[in-house]
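Q: Listed here are the chains, written in short residue letters.
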Amino acid sequence: MNANTVLRKLGLLTILAGAALVLPSCGEQAPAEDVLQDSTTAEALPESFTGELSVVGSTTVQPLAELLAAGFEGLHPDLTIVVQGGGSSVGVTSASDGTADIGMASREIKPSELDACPELRVHVIARDGIAIVTDPGTDVTGLTLDQVRGIFAGEITNWSGVGGADQVITVVSREEGSGTRAAFEELVMGEEAVITGDAILQPSNGAVRTTVSITPGAIAFLSFGYLDETTAPIAVDGALPTEENAADGSYRIVRPLNMLTLGEPRGAVAAWLEFILGPDGQAIVAEEGYLPVN
Amino acid sequence: MNRKQGADTLMRFAFMASALGSLLIVVMIGIFTFREALPAFRGIGLQELLTGTVWRPGQEEYGILAMIAGSGLVTLGAVILGVPLALGCAIFLAEIAPPAVRELVRPSIELLAGIPSVVYGLFGMVVLVPLVRGIDLPGNTGFGLLSASMVLAIMILPTIASVSEYAIRSVPQSFREASLAVGATRWETLRRVVLPSARSGILSAVVLGLGRALGETIAMIMVIGNSVIVPAALNDNPLTIFLSRARTLTGNVAVEINYATGLHQNALFATGVILFLLIMVMNGTARALIGRKNWERRR
Chain E
6 MNANTVLRKL
16 GLLTILAGAA
26 LVLPSCGEQA
36 PAEDVLQDST
46 TAEALPESFT
56 GELSVVGSTT
66 VQPLAELLAA
76 GFEGLHPDLT
86 IVVQGGGSSV
96 GVTSASDGTA
106 DIGMASREIK
116 PSELDACPEL
126 RVHVIARDGI
136 AIVTDPGTDV
146 TGLTLDQVRG
156 IFAGEITNWS
166 GVGGADQVIT
176 VVSREEGSGT
186 RAAFEELVMG
196 EEAVITGDAI
206 LQPSNGAVRT
216 TVSITPGAIA
226 FLSFGYLDET
236 TAPIAVDGAL
246 PTEENAADGS
256 YRIVRPLNML
266 TLGEPRGAVA
276 AWLEFILGPD
286 GQAIVAEEGY
296 LPVN
Chain F
18 MNRKQGADTL
28 MRFAFMASAL
38 GSLLIVVMIG
48 IFTFREALPA
58 FRGIGLQELL
68 TGTVWRPGQE
78 EYGILAMIAG
88 SGLVTLGAVI
98 LGVPLALGCA
108 IFLAEIAPPA
118 VRELVRPSIE
128 LLAGIPSVVY
138 GLFGMVVLVP
148 LVRGIDLPGN
158 TGFGLLSASM
168 VLAIMILPTI
178 ASVSEYAIRS
188 VPQSFREASL
198 AVGATRWETL
208 RRVVLPSARS
218 GILSAVVLGL
228 GRALGETIAM
238 IMVIGNSVIV
248 PAALNDNPLT
258 IFLSRARTLT
268 GNVAVEINYA
278 TGLHQNALFA
288 TGVILFLLIM
298 VMNGTARALI
308 GRKNWERRR
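Those protein sequence lines, which keep their order, are chains E and F. Residues 6 to 299 (the working numbering) make up the first sequence, in order. Residues 18 to 316 (the working numbering) make up the second sequence, in order.
Hints are computed from structural coordinates only; laboratory data are not their basis. For clarity, every value in this text was computed on a predicted model and none was experimentally measured. Incorrect hints may have been included.
[To be verified] Here are the simulated SDA-like cross-link-like pairs (lysine to any residue), alpha carbons at most 20 Å apart as the crow flies:
hint	chain 1	residue 1	chain 2	residue 2
1	E	K115	E	R126
2	E	K115	F	E77
3	E	K115	F	Q76
[Said to hold, decoys possible] Example chain F residues on the side facing chain E (calculated, C-beta under 7 Å, incomplete):
hint	residue
4	F160
5	S244
6	I246
7	Y276
8	L280
Every residue gets a Cβ at the ideal spot worked out from N, C-alpha and C, and that includes glycine.
Produce the entire structure from the sequences given, and follow the hints as far as they go.
A: So this is what it looks like as structure tokens:
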């Protein structure tokens, strides 16, 4: 744990030291020439890129970004893409102040963040649905978004309050700081509602799933990638959490996975984003259980 | 200086270097943890940290009283459940068991020490939690202090049992013979002579177990529920406090460190410092306690 933190800090420091020298930051006029590109146009693919790209931010996007980086590095052996975690907020700040070439965020970018840095460009590379699940013994199969909010806020504490049997509702949640939790709070809880302090907290999607599956009357939110037969998905406002429903917009608890750049992407950054949004990149996205963007 | 003396000197320095190295590691970890925690002590304040019951890093609220209470209660529970069990094992192995049985039971108990804590956690999650859930009370989900204490009791069993057994066996045979010779029964001998003589060793065993209990992390996260609430009884019966969910100091750090930045991260290091101090105070108390008992006996 400590070692991890130290390593991450060292890594961030290296980036800070290196990048601060050469990259523009938000507020500075007219971004200087991108030192990472060999040629001035990004369109003239295939060409070869050299140097190093730093990608910092959301731990949810991180594993996907690593795969996308590996795929792109295969085409450009002289280019190194360094992907680091830190969280969505760190992703936004690193992109805004130019300490990273690309920031990652597994949530919408807040208006306040865009106000602070109008130069920030948001590139949606994939979408991830968040499903509401219960233990399979629960007889409720559908809830409204308001009911989901009421349950997680601790206002509805018995399944009989939402048309089910007389059974206490046990709320299971991720811990504070989790990107899935942040996205759930943003999409479902809104500004005022807070997840009840009485909730059982588990530190991973897998642990949440196990807890729900063995706890009668339990409810939780899970990333789509973790749905299986051990938990029962709940239809929210009539739509079951499926990729089709998320794609056509009828299932609404869907978060974007974002890449952030300062100003329009150029050079290697532009080429990598183009790769990600192209067929090869989106195939990796789909393979990892996320919804491709088209 | 001849060659033999040279080897002596060399080895003396090598051993001294090992000892100093270990000391240095402890000091460095202490300094590092404290340095990282310092901004939290400054920015949040020691009083707010220690007495605040709300831990909501998103809203800049950092109170770890709930976690101190959680760690304290789960350790207390583990001691209540685990110490009698471990002592019973130790007494059986040292005083009662025939050699053949002892050679079978002792390795089995020692094997418990080799099981990774994540396996204990898993066992707790799928076996003990549903068992505890059987206690039919509103608000009881099985996840909580009781399940966690049961897991911990099993985890500290091998430490306490083997160290206590050693302490009991170290009591000279002549003590037992003298006691039996003046007509005491085996039970009286054990209670009045053997156990009091082994007291300081048994106390050290319990303290070792306590240290392990306070430091246990992953198994606790899996069964204790991790809710940031000061544990409270579910109804009029104060014992139901053990059915309450809780979060431990170690769990707090492990659950959140991956996301934490800035003051939040400092606050987690502060949690570590508090844990560090708690263990130091506990070890110090035990040391003082053991020391005094020895001194009394010598008098």
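Q: Does each hint fit the structure? Answer for all of them.
A: To see whether the hints hold, each was checked on the structure:
no.: 1; hint: K115/E / R126/E; result: 13 Å, holds
no.: 2; hint: K115/E / E77/F; result: 19 Å, holds
no.: 3; hint: K115/E / Q76/F; result: 17 Å, holds
no.: 4; hint: F160; result: 5 Å, holds
no.: 5; hint: S244; result: 6 Å, holds
no.: 6; hint: I246; result: 6 Å, holds
no.: 7; hint: Y276; result: 3 Å, holds
no.: 8; hint: L280; result: 13 Å, violated
Checked against the numbered hints given earlier, this structure breaks only hint 8.
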